[in-house]
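Chains as they are written, first to last, in our numbering: chain C, 1 to 300; chain W, 1 to 333; chain H, 1 to 250.
For the record, the hints were derived by calculation from the structure and aren't laboratory data.
Hints should not be assumed to be uniformly reliable.
[What the hints assert, rightly or not] Which bits of chain W does chain C cover? Going by a derived footprint, with three or more residues having C-beta under 8 Å, they are:
id, region
1, 117-128
2, 218-225
3, 251-262
4, 276-283
Bear in mind that the values here come from a model prediction, so they are computed numbers and not experimental data.
We put the beta carbon where it would ideally sit given N, CA and C, even for glycine.
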Amino acid sequence: MSTSVSERKESASNPFQPPQSARGIQRQFNNGCLIVFATLFALLAVGVLIYLLFYVILNGIRYINLDFFLNLPTPNGEPGGGMGPAIQGTIILVGLASLIGIPLGIFTAIYLSEFGRGRLANVVRSLVDLLTGVPTIIFGLFAWVLIVVPQQTFSGFSGGVALGIIMIPIVARTTEDVLLLVPREQREASLALGGTEARTTLRVVIPAALSGIVTGIVLAMARVAGETAPLLMTAFGTTFRNTSIFEPMDALTLRIYNFTLSPYQLQVNQAYAGALVLILLILITSFTVRWFTGGFRRRF
Amino acid sequence: MQEQVAVTDERGVIGRSLDRITTRFGRKPTDLVFRGITLLLVFIVIAIVIGVAVVLVVYSWPTIKAFGLSFLTNSAFDPVHNTFGVAPAIFGTLYTSAFAMVFAIPIGVLAAIFVVDFCPRPLRIPLAFFTDLLAAIPSVIIGLFGFLLLAPWLQQKGEPWLQQHLGFLPFFQGPIQGVGMLAAGMVLTIMVLPLIIAVSREVMLTVPTAQREAMLALGATRWEVIRYAVLPFSRVGIIGGIILALGRALGETMAVTMVIGNQASQPSLSLFQTGYTLSSVIANQFGEATPGIFLSAVIEAGLIVFIITLITNILARGLISSMQSRGAKGVRV
Amino acid sequence: MAFTVQHLDAWYGHKQALFDINLSVEPQTVTAMIGPSGCGKSTFVRCLNRMHEEVPDARVKGTVLVDGFDIYARSIKPRHVREHIGMVFQQPNVIPTRSIFDNVAMGPRINGTAHGSALRELVESSLQQAALWDEVKDKLDAPATDLSGGQQQRLCIARTIANKPQILLMDEPCSALDPISTLQVEELIGQLKESYTIIIVTHNMSQAGRVADRTVFFLLGKLIEEAETEQLFSHPQKKETEDYISGRFG
Numbered sequence: 001m002s003t004s005v006s007e008r009k010e011s012a013s014n015p016f017q018p019p020q021s022a023r024g025i026q027r028q029f030n031n032g033c034l035i036v037f038a039t040l041f042a043l044l045a046v047g048v049l050i051y052l053l054f055y056v057i058l059n060g061i062r063y064i065n066l067d068f069f070l071n072l073p074t075p076n077g078e079p080g081g082g083m084g085p086a087i088q089g090t091i092i093l094v095g096l097a098s099l100i101g102i103p104l105g106i107f108t109a110i111y112l113s114e115f116g117r118g119r120l121a122n123v124v125r126s127l128v129d130l131l132t133g134v135p136t137i138i139f140g141l142f143a144w145v146l147i148v149v150p151q152q153t154f155s156g157f158s159g160g161v162a163l164g165i166i167m168i169p170i171v172a173r174t175t176e177d178v179l180l181l182v183p184r185e186q187r188e189a190s191l192a193l194g195g196t197e198a199r200t201t202l203r204v205v206i207p208a209a210l211s212g213i214v215t216g217i218v219l220a221m222a223r224v225a226g227e228t229a230p231l232l233m234t235a236f237g238t239t240f241r242n243t244s245i246f247e248p249m250d251a252l253t254l255r256i257y258n259f260t261l262s263p264y265q266l267q268v269n270q271a272y273a274g275a276l277v278l279i280l281l282i283l284i285t286s287f288t289v290r291w292f293t294g295g296f297r298r299r300f
Numbered sequence: 001m002q003e004q005v006a007v008t009d010e011r012g013v014i015g016r017s018l019d020r021i022t023t024r025f026g027r028k029p030t031d032l033v034f035r036g037i038t039l040l041l042v043f044i045v046i047a048i049v050i051g052v053a054v055v056l057v058v059y060s061w062p063t064i065k066a067f068g069l070s071f072l073t074n075s076a077f078d079p080v081h082n083t084f085g086v087a088p089a090i091f092g093t094l095y096t097s098a099f100a101m102v103f104a105i106p107i108g109v110l111a112a113i114f115v116v117d118f119c120p121r122p123l124r125i126p127l128a129f130f131t132d133l134l135a136a137i138p139s140v141i142i143g144l145f146g147f148l149l150l151a152p153w154l155q156q157k158g159e160p161w162l163q164q165h166l167g168f169l170p171f172f173q174g175p176i177q178g179v180g181m182l183a184a185g186m187v188l189t190i191m192v193l194p195l196i197i198a199v200s201r202e203v204m205l206t207v208p209t210a211q212r213e214a215m216l217a218l219g220a221t222r223w224e225v226i227r228y229a230v231l232p233f234s235r236v237g238i239i240g241g242i243i244l245a246l247g248r249a250l251g252e253t254m255a256v257t258m259v260i261g262n263q264a265s266q267p268s269l270s271l272f273q274t275g276y277t278l279s280s281v282i283a284n285q286f287g288e289a290t291p292g293i294f295l296s297a298v299i300e301a302g303l304i305v306f307i308i309t310l311i312t313n314i315l316a317r318g319l320i321s322s323m324q325s326r327g328a329k330g331v332r333v
Numbered sequence: 001m002a003f004t005v006q007h008l009d010a011w012y013g014h015k016q017a018l019f020d021i022n023l024s025v026e027p028q029t030v031t032a033m034i035g036p037s038g039c040g041k042s043t044f045v046r047c048l049n050r051m052h053e054e055v056p057d058a059r060v061k062g063t064v065l066v067d068g069f070d071i072y073a074r075s076i077k078p079r080h081v082r083e084h085i086g087m088v089f090q091q092p093n094v095i096p097t098r099s100i101f102d103n104v105a106m107g108p109r110i111n112g113t114a115h116g117s118a119l120r121e122l123v124e125s126s127l128q129q130a131a132l133w134d135e136v137k138d139k140l141d142a143p144a145t146d147l148s149g150g151q152q153q154r155l156c157i158a159r160t161i162a163n164k165p166q167i168l169l170m171d172e173p174c175s176a177l178d179p180i181s182t183l184q185v186e187e188l189i190g191q192l193k194e195s196y197t198i199i200i201v202t203h204n205m206s207q208a209g210r211v212a213d214r215t216v217f218f219l220l221g222k223l224i225e226e227a228e229t230e231q232l233f234s235h236p237q238k239k240e241t242e243d244y245i246s247g248r249f250g
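Chain C on its own, in the form it takes in the complex (with noise of 0.2 Å):
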């Protein structure tokens, strides 16, 4: 016979190729079904998003032109309207909320990071967490209890107050993480130099953070701005042009709320329109962060 010697071996029982056995089988199947469901999951998790984003923004690019960031919506879906108003009610919304959001969100971070020690710091950190974990209609209810049934009507100014709360613990940790971050010579360099604590914060550690709170703060405002439960109960929304903010004011989210389960056709599709446009801002926001902080070079 003519074969070689490595043939002969490899017919030889081959101990690291043992014959299949029933428990050898069994293995290869649990591992196989381990491999095809995670890809299979992780393909339709990414599935539904992408086919979410696709559905929004076809169905609500026909529907964008100028008017529509300019008009107000028009009764009982006749043709032409838009959703100005709402535009403007949720930059004007996001901004209330933001001067509540930041200060507070702000000094609460460097309450914890530089100054906190001890039992209260332990306490408000946990209060923060706690805040975050908190449905955000309950938010609008406290705003609602406080401000809109008192003062008997709906208005922009408790819907910032409302979005404002939310603000606080989203800006607080991102900007307690980075302060963390800052190196602690950076500090000590300062204060060696007889600077104040004040200074040392204000001039030091925080320019050194401010990428990273600055980001905090965006993600914030982008959050609220998706924010549509708080709203219902506070501003309310409105199809007349915003006058002022202790009145009832209308928001890109309360809008589409109402189109959506609205009878009319029209005004679905300024629903749609109105989703793209929300969307676009989340694509946004979350591309540009990632790209300022590097999530694009994030090693895994």
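Fit chains W and H to the known structure of chain C by using the hints.
Positioned in the frame of chain C, the structure of chains W and H alone reads:
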């Protein structure tokens, strides 16, 4: 007195002189002011947190006094007869959240396993981007998707198919309306999935390579490595993530309100029935609420949601932080 | 089992870590790998049970013949290789969520090679071979993390043995241990030699002198010299070997 080293200073003479003064407590005046402002703002935040809880309790007091625990068992929000109860709302909340958990947990954990163990290098970052993006989509848009696409599809294709093939199960019996528990459950699954994926992913990444290598060196398959080394190690953190996701599902308002039908049905196991949740009750009823018992009933619904999510939140964070004390690195959610 | 390495190269991504390694090892011997940090001795050993390729972007080229069979053949699955070639790591890596018994039983459990009373006997004999039985026989259900560092490492050895390999690879097994535990493990190696072929990576030359029959010197990814241990230390043939041994570098 401390010597002020010459540092470029635009604050002027008064500012610099102030810096030279050290108070009795060893602090400079500017520091006192700074600390004062910081503490003031922190106390405002504390006051807000406590305020929310207090307001909820105080304003729901009338209903608590009037109905006590029967608020949880009464089955109608009935302003006409002045009886209020949230039993159907609690049922709706629990049922839809349970549905979401049943699906989101296996899908989420397995998808996270894919991301951590199988994902080819170049796909890792886009995948992370997409999952984070899914988490950032506002719930009103998911609601739009649910109401305009999912519910009609369920009504025309999905639910009839289920009833035809699986109608012997109580879940798939009853009139088909498109909107209802199934639609709400599916929408909640979408909302909750990215959270589970994110937490599971972070937690599994902290498993030390040495553990994986221990199993590999024994001749384990990939699944066996995950089953015996990765999952046991990250179990606690994953459960924490699941509880967080549950909290979010229980409190979710907009997407659910838009697809659940907001109409009471005879409570049954049917997924096709319409109903409502605690949050959707609040969203729908606040406008009608007249001051008095009605208003405080709405607030009490809010109080219940608040308490439920508070509990899940505390539980979840406790679990996740116990993982951190075991050496896993910071998993911030 | 005897094995032969022929023309082995290994890479981490684009960086080549091993250059044309050729080596033969006789069965039931202890061979030590010595060399300065980063010389490739650990990489080499991890190529022997196909662990190197688990690192992302890692690559191996060449032949490793074990009893005449090339473990890198296309048709061979790495996990079957690892059932016969076991590895003990630098840091004891017991599975913390499992008991002492479960840790040792892990290999046979997943491979399905023993059940019930056969499994219990296997665990006992493995622990005895690892010189740990007397210390743990009363607390087999205690968590593995209850043990001290030295005990955990011996537990890892027992776990590896329970899988009934023919070759034992040890990657600096004593570097995380105190001197007493180190001595215990070295004694263990002397006993295990009768049943297994052992490769041990060590940065401690006197350890090589104590336990190894033959010693191999690595430098910068290349196999510089290989000889009977006494021979290598007293009459090194290559200058690099001599420099390393006399402490001129590394």
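Problem set entry | Structure versus earlier hints - violations, ascending order | When the structure is compared with the hints, none of them turns out to be violated.
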